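*Asks:* As a plain string of letters, each chain reads:
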Amino acid sequence: MVPRDQTIERRTMAVLVDNEPGVLARVIGLFSGRGYNIESLTVSEVDPVQGLSRITVITSGTPQILEQIKAQLDRLVPVHRVSDLTREGPCVERELVLVKVSGRGNKRVESLRIADIFRARVVDSSQQHFVFEVTGSSEKLDVFIDMMRPLGLVDVSRTGVVAIARGPKGF
Amino acid sequence: MASPQMNGSEIVLKALRDQGVDVIFGYPGGAVLPIYDALHEQNALRHILVRHEQAAVHSAEGYARSTGKVGVVLVTSGPGATNAVTGLTDALMDSVPVVCLTGQVPTHLIGNDAFQEADTTGITRPCTKHNYLVKDVDDLARVIHEAFYVARSGRPGPVVIDLPKDVQQAKSDSYIGPEDVKHQSYRPQVKAESQAISAAVQMIAKAKRPLFYTGGGVINAGDKASVLLSRFARALGAPVTSTLMGLGSMPASDPLFLGMLGMHGTYEANLAMYNCDVMINVGARFDDRVTGRLDEFSPRSQKIHIDIDPSSINKNVVVDLPIIGDVAHVLDDLLKAWKRSGNKLNQKALKAWWAQIEEWRGRDCLKFANSKSIIKPQHAIQRLYELTKDRDAYITTEVGQHQMWAAQFYKFEKPRHWMTSGGLGTMGYGLPAAAGVQVAHPEALVIDIAGEASILMNIQELSTVAQYDLPVKVFIINNQWMGMVRQWQELLHGSRYSQSYTASLPDFVKLAEAFGAVGLRASKPGELDDKIMEMIESPRPVVFDCMVDQTENCFPMIPSGAAHYEMLLGPEDKASKPISEEGMVLV
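Here the protein sequences come in this chain order: A and B. Following my numbering, the residues of the first sequence are numbered contiguously, the last one being 171. Following my numbering, the residues of the second sequence are numbered contiguously, the last one being 758.
A few of these clues could be false.
Claimed, not checked - List of simulated lysine to aspartate or glutamate pairs, EDC-like, C-alpha gap at most 16 angstroms:
{"id": "1", "chain 1": "B", "residue 1": "Lys185", "chain 2": "B", "residue 2": "Asp425"}
{"id": "2", "chain 1": "B", "residue 1": "Lys306", "chain 2": "A", "residue 2": "Glu20"}
{"id": "3", "chain 1": "B", "residue 1": "Lys582", "chain 2": "B", "residue 2": "Glu350"}
{"id": "4", "chain 1": "B", "residue 1": "Lys185", "chain 2": "B", "residue 2": "Asp344"}
{"id": "5", "chain 1": "B", "residue 1": "Lys519", "chain 2": "B", "residue 2": "Asp448"}
{"id": "6", "chain 1": "B", "residue 1": "Lys353", "chain 2": "A", "residue 2": "Asp18"}
No lab work stands behind these hints: they were computed from the structure. Quantities reported herein were computed from a predicted structural model and do not represent experimental measurements.
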């Protein structure tokens, strides 16, 4: 018997689905029902004419499990295509975060300074608070959030990762 | 499109007729009354009134598996739908094409906890191949045609269509026929890639100890697939073993056939699996009942896996050569490519392989100590087989020891004559399934080989078979125990028989009579044949209470967590091979 590779890998998969009721539940139910991991999941309609949505899911597992995840996703009736972006070539991954920081005085100034380093945008503000918007890799957002923590961080909302393959070819 | 105005219920019936449906298994209720009203107005579709919605699905499964057509179910909302869930799960596990129409509360009440409301699409999402909630009557015809396409294409499975009551009553003039419906995305691959075929030919050509491991996929691929399988096996001169689901695809009388493999499979089949050097898996899925301990499963073989479902590949066992496609197409291509190649197996090696197999066969692993005073369950099924084998009988089963004995001792020569709950192991499957088979084949001899515990799980269906004069024969192997539970408790739990004995069983003869069926009982080996003949000759439904040895165990057996070569061949074998701790946690 072929020995199994037990190393755990992390993969970003893109799933093109019919935008119909229940399709997200189908995908999530597949992951929970079969005991697969979801680290991040985003979904939105990408083609209103054909009624297609794109799900980006980050998952992890052994190579055999990852192959299963792809095959199981592909088998769902409303799924058009599944692409393992991590495996099929270089891809761009981005996430967006909204971070609310409350406070006055030095901390407030410091938060604005750090925001500038991260190329964050202020999307809402008052005398007592800022809401920053930052885009980038998940790791960059983690660092930004960590740095805001001592400066009066009160709320965080992240989108989860979206990803697209590099190069001229479409999905 | 200017088709005449119809209401949703009329569209449902027209779509079913256009799909070639002639029978529906169902049970009415508030949320499907409009459809039942439309049924009342026509004669083209026959409705079989079951006594429980689970049985409706099993009947549809029996119908589907014995004909190759899609089975159709109609039930009401809420409890009607939830009762159907076991049947749907059964059909999903065993890849049976079923379309199940469920009533639903009107769209404006959905989500309000209305009377008999259940989130049917939510509940059935994991136990169907696909499901739909139809909110607009203009979508109805398309959805029904899509549902049939999805149910029967690729790896078949159950599809639920949830129909709110107002949609059943709404009018529409936009009916479309099946020819106008094309599914947006679902296109299973039926023809394999030619490189895979030639790679398989090369791999097989080098085989010294080849073995076919065939499953339910062969039967689902149509009768042609079974013919091609035997042709290919004979062309190679290679042995064939089959899973529980695949029995009948290779004639049991063929000398190439080694019998069923797996937990209660034959010695020769399991040892051939362990020792083969090229395994050709045709439409089977490396189920845990078949593989036993995974790291000791056929360790020295190169594995070819033919399956229409890519997710079956490398799920439990990593294979060397996957071939994605419909079994009939693949076998056809493979056989042609084999003949074209002019290859021949190494005859000397093949002869040695067969000599080895014959030695294993010589162990006669199914032998049992027969008795003159008490009916041995194996003997009962052997006699049933001998007395019915020339009658083209259809056999269904419940789940447990009797099911395994039926698989071992009833020899199937043709596909689609064996209906059993394999993947889910649903007690209560056999009687409703037999009813469905009998509806599809009114003249045929249909026998449910049952256990006395399983049969009680859907005993109410005797009322259905009585109503429609379905002459189903229920052959109960009655040992008064949940036999397989008792066997495991004996072997794994120190003979502590917790809750596996059924005290106060009904008198099955009187029970049969109460339902309007014939009741027969045999308690002595001497009366068995005559009583079986009486059962067969009866034009009416019969319940046969066959009182058997209470303590007989089902052998051979691979204990859970053990490898193929660690089979227990009989009662005298069990003491020498204690079951491992790891094995105990497995089911």
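*Asks:* Of all the hints given earlier, name the ones this structure violates by number, lowest first.
*Replies:* Going through the list in order, the structure violates hints 1, 3 and respects the others.
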